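**Q** Listed below are the residues making up each chain.
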Amino acid sequence: MPMQKIINEPKAFVDEMLEGILLAHPESLRSPARRVLVRAGAPSEGKVGIVTGGGSGHLPLFLGYVGYGLADGVAVGDVFASPSSEQILEATRAVDGGTGVLYLYGNYGGDVMNFDLAAELASEEGIETSTVLGTDDVASAPAGPESRRRGVAGIALLYKVAGARAEEGASLEDVVAVVERAASGLRSMGVALSPCVVPAAGEPTFSLAAGEMEIGMGIHGEPGVGRGSLEPASEIAGQLVGRIVADLPFRSGDEAAVLVNGLGATPREELYVLFRSVHAALASSGVTVRWTWVGEYATSLEMAGASVSVLRLDDEILRLLDAPCESPFVVRR
Amino acid sequence: MPMQKIINEPKAFVDEMLEGILLAHPESLRSPARRVLVRAGAPSEGKVGIVTGGGSGHLPLFLGYVGYGLADGVAVGDVFASPSSEQILEATRAVDGGTGVLYLYGNYGGDVMNFDLAAELASEEGIETSTVLGTDDVASAPAGPESRRRGVAGIALLYKVAGARAEEGASLEDVVAVVERAASGLRSMGVALSPCVVPAAGEPTFSLAAGEMEIGMGIHGEPGVGRGSLEPASEIAGQLVGRIVADLPFRSGDEAAVLVNGLGATPREELYVLFRSVHAALASSGVTVRWTWVGEYATSLEMAGASVSVLRLDDEILRLLDAPCESPFVVRR
Amino acid sequence: MTASGLAGYLSVAADAVEGSAAELNRLDGYAGDGDLGITMSQAAEALKDVLAGSEGLSVGQLLSSCGAAIARSAPSTSGTLVATGFLRAGKALADPPVDTVEALVRAFEAALKGIEARGKAAVGDRTLVDGLDAVTDSLQLSLSSDLGTAETLELAARSAKAAAEATAEMEPKAGRASWAPERAKGHPDAGCVMLAIAMEAVAAHARSG
Amino acid sequence: MTASGLAGYLSVAADAVEGSAAELNRLDGYAGDGDLGITMSQAAEALKDVLAGSEGLSVGQLLSSCGAAIARSAPSTSGTLVATGFLRAGKALADPPVDTVEALVRAFEAALKGIEARGKAAVGDRTLVDGLDAVTDSLQLSLSSDLGTAETLELAARSAKAAAEATAEMEPKAGRASWAPERAKGHPDAGCVMLAIAMEAVAAHARSG
Ligand SMILES: Nc1ncnc2c1ncn2[C@@H]1O[C@H](COP(=O)(O)OP(=O)(O)O)[C@@H](O)[C@H]1O
Ligand SMILES: Nc1ncnc2c1ncn2[C@@H]1O[C@H](COP(=O)(O)OP(=O)(O)O)[C@@H](O)[C@H]1O
Ligand SMILES: [Mg+2]
Ligand SMILES: [Mg+2]
Ligand SMILES: [Mg+2]
Ligand SMILES: [Mg+2]
Numbered sequence: 247m248p249m250q251k252i253i254n255e256p257k258a259f260v261d262e263m264l265e266g267i268l269l270a271h272p273e274s275l276r277s278p279a280r281r282v283l284v285r286a287g288a289p290s291e292g293k294v295g296i297v298t299g300g301g302s303g304h305l306p307l308f309l310g311y312v313g314y315g316l317a318d319g320v321a322v323g324d325v326f327a328s329p330s331s332e333q334i335l336e337a338t339r340a341v342d343g344g345t346g347v348l349y350l351y352g353n354y355g356g357d358v359m360n361f362d363l364a365a366e367l368a369s370e371e372g373i374e375t376s377t378v379l380g381t382d383d384v385a386s387a388p389a390g391p392e393s394r395r396r397g398v399a400g401i402a403l404l405y406k407v408a409g410a411r412a413e414e415g416a417s418l419e420d421v422v423a424v425v426e427r428a429a430s431g432l433r434s435m436g437v438a439l440s441p442c443v444v445p446a447a448g449e450p451t452f453s454l455a456a457g458e459m460e461i462g463m464g465i466h467g468e469p470g471v472g473r474g475s476l477e478p479a480s481e482i483a484g485q486l487v488g489r490i491v492a493d494l495p496f497r498s499g500d501e502a503a504v505l506v507n508g509l510g511a512t513p514r515e516e517l518y519v520l521f522r523s524v525h526a527a528l529a530s531s532g533v534t535v536r537w538t539w540v541g542e543y544a545t546s547l548e549m550a551g552a553s554v555s556v557l558r559l560d561d562e563i564l565r566l567l568d569a570p571c572e573s574p575f576v577v578r579r
Numbered sequence: 247m248p249m250q251k252i253i254n255e256p257k258a259f260v261d262e263m264l265e266g267i268l269l270a271h272p273e274s275l276r277s278p279a280r281r282v283l284v285r286a287g288a289p290s291e292g293k294v295g296i297v298t299g300g301g302s303g304h305l306p307l308f309l310g311y312v313g314y315g316l317a318d319g320v321a322v323g324d325v326f327a328s329p330s331s332e333q334i335l336e337a338t339r340a341v342d343g344g345t346g347v348l349y350l351y352g353n354y355g356g357d358v359m360n361f362d363l364a365a366e367l368a369s370e371e372g373i374e375t376s377t378v379l380g381t382d383d384v385a386s387a388p389a390g391p392e393s394r395r396r397g398v399a400g401i402a403l404l405y406k407v408a409g410a411r412a413e414e415g416a417s418l419e420d421v422v423a424v425v426e427r428a429a430s431g432l433r434s435m436g437v438a439l440s441p442c443v444v445p446a447a448g449e450p451t452f453s454l455a456a457g458e459m460e461i462g463m464g465i466h467g468e469p470g471v472g473r474g475s476l477e478p479a480s481e482i483a484g485q486l487v488g489r490i491v492a493d494l495p496f497r498s499g500d501e502a503a504v505l506v507n508g509l510g511a512t513p514r515e516e517l518y519v520l521f522r523s524v525h526a527a528l529a530s531s532g533v534t535v536r537w538t539w540v541g542e543y544a545t546s547l548e549m550a551g552a553s554v555s556v557l558r559l560d561d562e563i564l565r566l567l568d569a570p571c572e573s574p575f576v577v578r579r
Numbered sequence: 414m415t416a417s418g419l420a421g422y423l424s425v426a427a428d429a430v431e432g433s434a435a436e437l438n439r440l441d442g443y444a445g446d447g448d449l450g451i452t453m454s455q456a457a458e459a460l461k462d463v464l465a466g467s468e469g470l471s472v473g474q475l476l477s478s479c480g481a482a483i484a485r486s487a488p489s490t491s492g493t494l495v496a497t498g499f500l501r502a503g504k505a506l507a508d509p510p511v512d513t514v515e516a517l518v519r520a521f522e523a524a525l526k527g528i529e530a531r532g533k534a535a536v537g538d539r540t541l542v543d544g545l546d547a548v549t550d551s552l553q554l555s556l557s558s559d560l561g562t563a564e565t566l567e568l569a570a571r572s573a574k575a576a577a578e579a580t581a582e583m584e585p586k587a588g589r590a591s592w593a594p595e596r597a598k599g600h601p602d603a604g605c606v607m608l609a610i611a612m613e614a615v616a617a618h619a620r621s622g
Numbered sequence: 414m415t416a417s418g419l420a421g422y423l424s425v426a427a428d429a430v431e432g433s434a435a436e437l438n439r440l441d442g443y444a445g446d447g448d449l450g451i452t453m454s455q456a457a458e459a460l461k462d463v464l465a466g467s468e469g470l471s472v473g474q475l476l477s478s479c480g481a482a483i484a485r486s487a488p489s490t491s492g493t494l495v496a497t498g499f500l501r502a503g504k505a506l507a508d509p510p511v512d513t514v515e516a517l518v519r520a521f522e523a524a525l526k527g528i529e530a531r532g533k534a535a536v537g538d539r540t541l542v543d544g545l546d547a548v549t550d551s552l553q554l555s556l557s558s559d560l561g562t563a564e565t566l567e568l569a570a571r572s573a574k575a576a577a578e579a580t581a582e583m584e585p586k587a588g589r590a591s592w593a594p595e596r597a598k599g600h601p602d603a604g605c606v607m608l609a610i611a612m613e614a615v616a617a618h619a620r621s622g
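Residue numbers (the numbering used here), protein chains in the order written: chain A, 247 to 579; chain B, 247 to 579; chain C, 414 to 622; chain D, 414 to 622.
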């Protein structure tokens, strides 16, 4: 079956995408090594560097968060596949401003192993690193101290928090402290309405009949907590918010930042319809929405569906979310 | 066939979306009347007001361009349907700063009639209006002085130009002059790879077999100039740029702004793959790309596909494109 | 013609158009965007809402109210043009003639003129204007031949039908269909078919009582 | 064991894994993301590129080069773990034993230890580790029983197959499959199946001479 995609050779997909990105944004990004991107001005002397990475196919994740007030460098994997430790090490070297580097990425086996390996190699070169993992997907495993949960769209909020704090000149330890606090108060869950097609595979990642939805599906098509008939937006919001609120748990009186994220093919109009219901569902749990992003922040190619992320706020986290940021993909003044 | 959509009642779709948008962006937008949005601070005394409008289902078109350095107000129609003259008149009243109002929108029969009617009513109330139409789609009709061509994604660039000039304090006449010049040097063309489903209709707008594409299709599924087998990205870029360059015509030595726009379901990765080839195709015609937007600027719900818009630059137009702008959907610093 | 008599005619016309929504979407889909049935159903609903609260209105006021309601609820190309037609017809009958056929002639003449001015399409451009022009001609002929209401509407419905059929071989020169003229070939203009359906319902209503 | 002899074994193993890509994708798809065949084909290609330019390398250097190439070209979970295995095996055979079975034991012991450390999975978690553990046990037994290379590999391939089959009834406790343990039920772990396929190819190669 031919794929309805605007591509050339599937094998050239990631490299041609990167060429396009570098052509479009030469003032913002540069590539110190193959499939490695850093801020044009990196390293920033004295500033904690932030390196992220992961598979392609999730734009604006991961490379779209390389910019002012966000991350400094990224290692770009193949579609839905980890980058190598070598790429991560290159990114680390290119952004190290002498005060250490934060590794901030999602909790996936391949990524963890490669970032861990890169951390060992960096340490041999005298670069200190610390790691914080995104583990926000409540649908992926029961809660636990050594979380096995995968990271999904919520990481966008962690970049915002980490990047703003690093921009303030905080030490690696202080950046880690606030990002860990944010990560521990962050929960996400999504719903998929259609699969996507990885160019090199040429086939849908899973199948879903018209009128069905999969609650809790991961951003690579990993199975969720259940498949059922497609519900109205208000029902979907109720289910997602219900699980998120119960899990942390959020309590009446809590203030929160909310990210309603589109997986790729779901129109922005639907995301706002969903946000309207998410807002109401949180209000009925006594949670006040103080900060909002609605749009595509972590996608799965052309998958249809959406995820909801809720982050418990305190004064410092809200200040950092409100700070300006600017990458070619994410701008906030 | 059930629709794979996150919605409630199809009839409530537009109003619930607007509720969501107002909940998410209360500092930026307010609604002076049903299905009318204006900048929170409108009117700006002494500034030329800019009113746009059109059907829903095209986010960020049209309401996403209400913001600083862009438009001031918008009349929001049903999905793919015009707003009423009454809504347009309400928007006009709410943004009139005493120095006249520009009507800037796409060339569609229903929109034209309703904006014309609103202009007559506004004039009776003493509000001067001028109209500039987006007519950038080269695939919709042969070129001609009284253009019958429809407006597509290129209008995003016209908002940018008009809004920045109005923000500089220019008169209505001066704003109109530069926008007309920009509009006359603007050409677009797109390719569709899948249809979309209008919620109230419940059925795809057209059918397209896997492995097919429709060159020149309009943003509501209006037929294009031809259907053929799906080509590689470089071929698609060659065809679109070829028609655009020949039509104006662009000449060797011209400088241009380029917008590569996703129609809804096409991943951002593919848009950059396409941009890479568009850049090369323009270069081979001697046209230099000086300014770029790649992303979703004018969509058709969950339609897969993309369009390319090319705008001939002069110093003033480039200055206006480079000026900052900020709406909840489009930010440039 | 009384306002309540007029309301009866409008009501059957609205029902007929709504009942043909799928067919109108289909016809609009050949070279347009396939939404004429949706738009015209919205217009029909708006019209019926007005009829439901129309007690005490004059014929002219009733027509004007319908026009205003349609303009608000169905503001696409056809909706805006139909609304314009109602508004102009309402104005033309502000001072209502006693004779029904004369009233019809005045109303349709005014509607046609208004729609031509608003849409800037001429006879032969393959739009609603072609159908309206044929109906207006037929009504004028009936008036000069002193026919009764039922025969007049019967003839008008037939002309609307014939005019709609004739559009199948015309090249579209206005509106969306003009962007893909080849695709329109062989299919009648959706707006003209809609007018024919409405006129046929009105004629049947006159026939039956 | 010579480097060129080793290259022959690696080459047939790589071909076998590549030839089973669709099957590996399918198995990884039950509870994972369905890309094991893609990833392992990339690893196989990288490995064959190294083999093509391996003249003059020692056994240890060859294994290490394969590990480095796989780490670069196939950096997903399984690729990184396999790369780790090759790197550790290469180190363990830096000083190559003359006896092939002894070499196999040292290589697999080192690989297993490295993979356990990198992946933090234990025996019983339903991962590659279960297969590797079984193969290593079998190799150790063959060494202490003084078996020849062909019989040793035959037995190792059989243990790999049995270990893979046994995973079908185990609950996944590491990697992607642990996110949807019920969906894994009844299907063998894809990584273990991959190992069994590679070992079977290697055993067949030894059998055929
Ligand atoms: N300029 C015009 N003047 C008169 N009638 C027109 C004009 N343009 C289109 N029409 C009529 O409107 C019909 C389409 O109406 P509609 O579907 O509401 O339009 P759209 O979806 O393009 O806004 C056509 O079949 C034609 O009869
Ligand atoms: N922590 C781990 N330790 C050892 N092996 C593992 C681990 N996690 C997964 N595996 C193995 O890797 C296989 C999946 O590999 P792969 O498809 O590359 O992973 P992913 O796509 O999740 O990155 C599993 O079948 C399992 O055998
Ligand atoms: Mg994977
Ligand atoms: Mg329409
Ligand atoms: Mg239409
Ligand atoms: Mg996998």
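Calculated directly from the structure, the hints in this document are not laboratory data.
Because the structure is a prediction, the values reported are computed rather than measured.
From the three backbone atoms N, C-alpha and C, an ideal C-beta is built for every residue, glycine too.
Hints are not guaranteed to be accurate.
What the hints assert, rightly or not - List time: in silico BS3-like cross-link candidates among lysine-lysine, alpha-carbon distance up to 25 Å:
| id | chain 1 | residue 1 | chain 2 | residue 2 |
| --- | --- | --- | --- | --- |
| 1 | C | Lys586 | C | Lys533 |
| 2 | C | Lys574 | C | Lys533 |
| 3 | C | Lys598 | B | Lys257 |
| 4 | C | Lys461 | C | Lys504 |
| 5 | A | Lys257 | D | Lys461 |
| 6 | D | Lys574 | D | Lys586 |
Said to hold, decoys possible - Some residues of chain C that are not near chain B, with every Cβ distance over 10 Å (derived):
| id | residue |
| --- | --- |
| 7 | Asn438 |
| 8 | Ile451 |
| 9 | Ala484 |
| 10 | Arg485 |
**Q** Next step is simple, just say for each hint if it's right about the structure.
**A** So, going through the hints one by one against the coordinates:
1. Distance hint between lysine 586 of chain C and lysine 533 of chain C is fulfilled; the C-alpha atoms sit about 11 Å from each other, no more than 25 Å.
2. Annotation: proposed proximity of lysine 574 of chain C to lysine 533 of chain C holds, straight-line Cα distance about 23 Å (limit 25 Å).
3. Restraint check for lysine 598 of chain C and lysine 257 of chain B: not satisfied, since their Cα atoms lie roughly 33 Å apart, outside the 25 Å limit.
4. A threshold of 25 Å between alpha carbons decides the hint, and for lysine 461 of chain C with lysine 504 of chain C the separation of about 20 Å falls inside it, so the pair holds.
5. The hinted pair formed by lysine 257 of chain A and lysine 461 of chain D meets the criterion: a straight-line CA distance of about 18 Å does not exceed 25 Å.
6. Among the hinted pairs, lysine 574 of chain D with lysine 586 of chain D is consistent with the structure: their alpha-carbon atoms are about 21 Å apart, no more than 25 Å.
7. Not every CB of chain B is more than 10 Å from the CB of asparagine 438 of chain C (nearest about 7 Å), against its label as outside the interface.
8. Not every CB of chain B is more than 10 Å from the CB of isoleucine 451 of chain C (nearest about 6 Å), against its label as outside the interface.
9. With a cut of 10 Å on Cβ distances, alanine 484 of chain C falls inside the contact zone with chain B, its closest approach being about 6 Å.
10. The beta carbon of arginine 485 of chain C is not kept farther than 10 Å from every beta carbon of chain B, the shortest such distance being approximately 5 Å.
Of the numbered hints stated above, those contradicted by the structure are hints 3, 7, 8, 9, 10, listed in ascending order.
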